[in-house]
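So you can see what is in the structure, the chains are spelled out below.
There are 2 protein chains.
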Amino acid sequence: MFIDTISQPSLLLDERRCKANIHRLCQKAREQGVTLRPHFKTHQSKMIGRWFNHEGIDQITVSSIGMAKYFAAAGWEDITVAFPVNIRQVEEIRGLASEVNLGLLVLDTSSIDFLGTNLQVPLSIWIKIDVGTHRTGIRPEEISSLAAMAERISKYPNLNFVGFLAHAGHTYQSRSMTEVQQVYNHSLAALVELREAFADRFPDLLISLGDTPGASMVEQFGPVDELRPGNFVFYDLMQEEIGACTLDDIAVAMACPVVAVHPERMQWIIYGGAIHFSKDFLTLEGGRKCFGRMVDITGGSWSTANVERNPFLISLSQEHGIVQCNEDNFHLCTPGDLSLWLPVHSCLTADVMGEYYTTDGQYVDHYRQRVYK
Amino acid sequence: MFIDTISQPSLLLDERRCKANIHRLCQKAREQGVTLRPHFKTHQSKMIGRWFNHEGIDQITVSSIGMAKYFAAAGWEDITVAFPVNIRQVEEIRGLASEVNLGLLVLDTSSIDFLGTNLQVPLSIWIKIDVGTHRTGIRPEEISSLAAMAERISKYPNLNFVGFLAHAGHTYQSRSMTEVQQVYNHSLAALVELREAFADRFPDLLISLGDTPGASMVEQFGPVDELRPGNFVFYDLMQEEIGACTLDDIAVAMACPVVAVHPERMQWIIYGGAIHFSKDFLTLEGGRKCFGRMVDITGGSWSTANVERNPFLISLSQEHGIVQCNEDNFHLCTPGDLSLWLPVHSCLTADVMGEYYTTDGQYVDHYRQRVYK
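Taken in order, these protein sequences are the chains called Z and R.
Residue 523 in our numbering sits at position 165 of the first sequence, and the numbers go up by one each step.
Residue 391 in our numbering sits at position 33 of the second sequence, and the numbers go up by one each step.
No lab work stands behind these hints, which were simulated from the structure alone.
Every value quoted in this text rests on a predicted model; they were computed, and no experiment measured them.
Some clues are possibly wrong.
As the list claims (entries may be wrong) - Estimated spans, in silico, between C-beta atoms of each pair:
1. Z:Asn-516 with R:Ser-534: 37 to 43 Å
2. Z:Ile-501 with R:Thr-692: 57 to 63 Å
3. Z:Ala-432 with R:Thr-692: 43 to 49 Å
4. Z:Gly-601 with R:Glu-500: 44 to 50 Å
5. Z:Phe-360 with R:Ser-456: 26 to 32 Å
6. R:Ile-501 with Z:Gly-645: 34 to 40 Å
7. Z:Asp-362 with R:Gly-453: 17 to 23 Å
Idealized CB from N, CA, C, for every residue including glycine.
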């Protein structure tokens, strides 16, 4: 078995679980006539991108110009960079926009003027709306600002005003179907209202929403044009806590050698730290931190059957992980054994690792691959 | 100026500050006749390694076998891997030990047997002692376990028992000179006692301690043989909070474009998130989180003169950073400007970035360099 040969921290990808996640959401969007423009910042992989393409996806979302270039080189021709446009990258934007249909997000008129004046290439322009996450975006009630921005975009022949885009990131604070549904409804209503308010002047505007809890948990997407979730390709413990997936849907796991055991504290030390998992954590009952939960190696992949009985990761330093056991599970590993861990936040775990291996040992690329291992 | 040309998140290295940090500690150790075996896990750079070599350093510490290979390839010949030995990497250990004087840490007799039986190459073996950090190591009072381990090491002709090694990581919880001094004294006393207890049977044993607060703040190192601090090469906001450095000693800063401003919340959004800074934070008065503090771009580098008056980073998502301003500093940046940030934990920031640029634009290597930018 490939897993048995792993000698250092490695991010395993379960192809079956991953393809099932992709298929489920592609089908759901297709059935409801909603465009799925998946966010590729979670996997950042050309190979996994092809799995989406096999499901009929041909429009994607990324979070940086560099990531857009990576996927453009793999043949993707319709790419939205869902991040406030960074005008310092004007040269790279020019190059990219001459190759693909490039979508950019704007939040102010000076950036619109910059793009209109400094670039002759055609660009699809979205206005970023803040539907309640309060990270970035224009509030939907600021109609006069939005109208001024829309008119400013129209002034420039190379800029095509395509619509209003929002990220309902506050679903991440939700812990139930009802809460996620409320956030989704509220976000969608705000965008629909904008689409209607601008319909006379701009009859073809689109509205785009994107977050994994909403896309996974909401049954009926309603009158949205486009969805841009990303994390659902892998899911993770955070999504499981929200209720967006089951533990068994999580498609990546960190394989980490156990290097020491401390019976006096019922703890193991694993080779696997902040530089492998990243440092996001869940807060469990009683205030304890959890940086990962252990699954069992079985049948060439892993099983989640014993997650509740298994130890969990309570602390990460640069390369060490501290695992808290109890009397019933301390015996499960000794130094030299391999342990497998579901990550708290799979986007960041994949990014720090910069590569994956399928459970049968196939190398899977990542945009931010490391030169040395 | 190079800094003005930066278009995306970049980790800047101030060569003058970094070399001053290296020089200060090398000189202090030299004056006290203590071996400095600096931990290279913070910078992970061959170029910065050469700056240590110019100060007379020829013994180093790393945190993984891969990192040891990286520095062995750069000509370093005496390398301790300060991490519990990972016997799953036996092949790489064999290769490395045939090229350099390789030091490994053991915590149990089964690992000793494994190294003695499976490797014919000479290895320097340290027993890892837990001086109170409670991450990993044998407690110093477990004399009979330690004696059994020492005898087991001696059984194998290829294993050379060199001494007791500890990491007083609990200085990171300290917030004063007195606390750091107490931890140092206590840790050193425990190791000295062990050296004496084993002196009849093993007269040449060494004791090795390593942490940046101790090495920076303790005036007299006392009867220690070797020190292995790492972070002092850059320092960071965490070390400044402990009292191990001043803000002006911090030798790295993240350069991040400002991409949006939100006057209604007095916030900026910067292009710079968890994948650039990593996610360690400080908790400020009132419970607010701080992921970075802003310095001013001046004279081709940066100035810390206004740090207290500048905004600070309150939140990081994958690629976004949220900066909290007030009425006095909100005007300092508009979209398209570059902002500079002192990191909370420089080891992790350098690791996620995988490269540096000096303030005059020279590329500086990192072991975990990314292929694509």
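Results for each hint:
1. Z:Asn-516 with R:Ser-534: 37 to 43 Å: Roughly 60 Å apart at Cβ, these two residues miss the hinted range, so it is violated.
2. Z:Ile-501 with R:Thr-692: 57 to 63 Å: violated, 24 Å
3. Z:Ala-432 with R:Thr-692: 43 to 49 Å: violated, 35 Å
4. Z:Gly-601 with R:Glu-500: 44 to 50 Å: holds, 46 Å
5. Z:Phe-360 with R:Ser-456: 26 to 32 Å: This hint holds: roughly 28 Å between Cβ atoms.
6. R:Ile-501 with Z:Gly-645: 34 to 40 Å: holds, 36 Å
7. Z:Asp-362 with R:Gly-453: 17 to 23 Å: This hint holds: roughly 21 Å between Cβ atoms.
In this structure, the hints that do not hold are numbers 1, 2 and 3, in rising order.
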